[in-house]
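J.: Protein chains in written order, with the numbering used here: chain S, 1 to 275; chain U, 276 to 483.
Simulated from the structure, these hints should not be mistaken for lab results. We put the CB at the ideal spot given by N, CA and C, even for glycine. Check the hints yourself; a few may be wrong.
[What the hints assert, rightly or not] To give a feel for the contact side, a few chain U residues facing chain S, derived at Cβ under 8 angstroms:
1) ALA294
2) ARG305
3) LEU330
4) SER332
5) THR393
6) VAL417
7) GLN418
8) GLY419
9) ALA441
10) ARG442
11) ARG444
12) ALA448
13) LEU454
Next come the chains, spelled out residue by residue.
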Amino acid sequence: MRGQVELDRLADYAAGLLDGTPDGDQVAHLIETDPGWARAYSDLLTADRLVSADLAALGADPEPMPADVMARLTDRLDAEAAADRTVVSLAARRRRKRWTTVAAAAAGVAVCGALGVPVLRSAFDGGSTFPTMSRDSAGEGQAGAPAAPAPPAPAESGLIVLASGRNYPRDTPWASIAGEPQAGTADELARKDATSIPPDLVRLYGAGARQDCLTAIITVYGGRPHSVDYARFEGAPALMVVLVDERAKPVRMVAAGPGCGLGGDPDVRHTVPIA
Amino acid sequence: MTDARSDEELLQAHAHGDAEAFETLVRRHRDRLWAVALRTLGDREDAADAVQDALLSAYRNAARFRGDSAVTTWLHRIVVNACLDRVRRRQARPTVPLPEDGTRGGGLVAAPAVDRDTALDVRAALSRLPADQRAALVLVDVQGYGVAEAAQILGIPEGTVKSRCARGRARLAVQLGYLRGEDHSGNRPSGGHVPSETHRHATREEAP
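Kindly generate the complete structure, drawing on both the sequences and the hints.
T.: What follows is the structure, given as structure tokens:
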């Protein structure tokens, strides 16, 4: 055994982990009889103290979580919270749903489920970063209810969030989509749930990222975001945003790409005014 | 305003649908969890991903927390496991072996003190340790957790934690130049030999 210092074994011995074992006795014997082991043991004891001091010094340096990492984490948890909610079953209601019904929700009436898809109402106006879902349909049948004045801010206040995953072609009759019954589409949409969000749009499912996106959009187009749909435009992942005027009347549709909100860019793929 | 609820109460509240409880819990422990991840992985992006994966897992599995350890221990365990999973996944890159002059042909001798940015050196040396040793050292010697809590976090016996720390410090001593092998100047010390990492692993198990 003479002449071969085994570092791990010596480290275990120096830490007292071999005390009372035959292996410990053997290492002790080597240290007593082999100058190489004796020197290595002595040096290791000194070095161990130096390393311990270095590691403790490293630990004394504060290492706070960077703000951008925390923001990413919060966005991801927001998305998780949103996707986690129970999908509202609208199979029984789908014939009656209108975007105008959804408008009533934006005006402060608790409405959800307009399109037979997961409908989530942002809790941003409540100051929480975790969206909550409105499970009720108290506003059902309230199409045509008088629109309340638009809340002043922030961008997501009262926002209706849909996750249909559907594909909107360029020639979609936007006025119809925004204000007319969804005949013929509800069955398809009812099969979808929050998991149908295109992967490229997951970032935008976080309330923080979504608000950045909506802020970028209204900076360019004005109006107020009324509803968003995590969907596709011409086959590409897109956040379909309906903007309304101060009377909650739909005035514009914007298809925003996955980069929406990054650096203040709305990443608009398509937009049309709604007459 | 500070939430006065305990970690356990927050986790329970989250499991029962309190939308803000988990975020409060995260904010309370984020810096320590981040430090553990960053120092275990040595890479900012990897650490961010690991923490995110871990906390999402904790978010989803909160209802399964049984209270047989502190919530913070549980969170650390999930974060450390996420870090070690990442290390294993990227381990197509093998662990960097000890430098040749620290592993062959020479005895272990104390090296002269050198002027350098110690913190950077320590971080770099830590990143070259085997992940299991690194995780134990980060928890115990860097973050200051007791051996018993580190053992709970890592899910291993206390003796194994001690062994990983002792062996890890010994390797760091070589990498940091506190110990070195033959000095190549002809002043060969007394015949000791530190075998290669592979050999050591093949011949000696960690203490239990």
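J.: Next, verify each hint and record whether it holds.
T.: Evaluation of the provided hints:
1. Look at ALA294 (chain U): its Cβ gets to within about 4 angstroms of chain S, closer than 8 angstroms, so that hint holds up.
2. With 8 angstroms as the threshold, the beta carbon of ARG305 (chain U) comes within range of chain S, its nearest partner Cβ sitting at about 4 angstroms, so the hint holds.
3. Evaluation of the LEU330 (chain U) hint against chain S yields a held restraint, the C-beta minimum of about 6 angstroms falling below 8 angstroms.
4. Below 8 angstroms, beta-carbon pairs count as interface contacts, and SER332 (chain U) has none with chain S, the closest being about 10 angstroms; its hint is therefore violated.
5. Restraint check, THR393 (chain U) versus chain S: the minimum CB separation of about 6 angstroms is within 8 angstroms; hint holds.
6. Because the smallest distance between the Cβ of VAL417 (chain U) and any Cβ of chain S comes to about 4 angstroms, under 8 angstroms, the interface hint for this residue holds.
7. With a cut of 8 angstroms, the hint placing GLN418 (chain U) at the interface with chain S holds, because the nearest CB-to-CB distance is about 6 angstroms.
8. The beta carbon of GLY419 (chain U) comes within 6 angstroms of a beta carbon in chain S, closer than 8 angstroms, and the hint placing it at the interface holds.
9. Here the hint on ALA441 (chain U) is kept, as its CB sits about 4 angstroms from the closest CB of chain S, short of 8 angstroms.
10. Residue-level restraint check for ARG442 (chain U) holds (minimum Cβ-Cβ distance to chain S is 5 angstroms; threshold 8 angstroms).
11. With 8 angstroms as the threshold, the beta carbon of ARG444 (chain U) comes within range of chain S, its nearest partner Cβ sitting at about 5 angstroms, so the hint holds.
12. Residue-level restraint check for ALA448 (chain U) holds (minimum Cβ-Cβ distance to chain S is 4 angstroms; threshold 8 angstroms).
13. Restraint check, LEU454 (chain U) versus chain S: the minimum CB separation of about 5 angstroms is within 8 angstroms; hint holds.
Hint 4 from the earlier list is the only one contradicted by this structure; the remaining hints agree with it.
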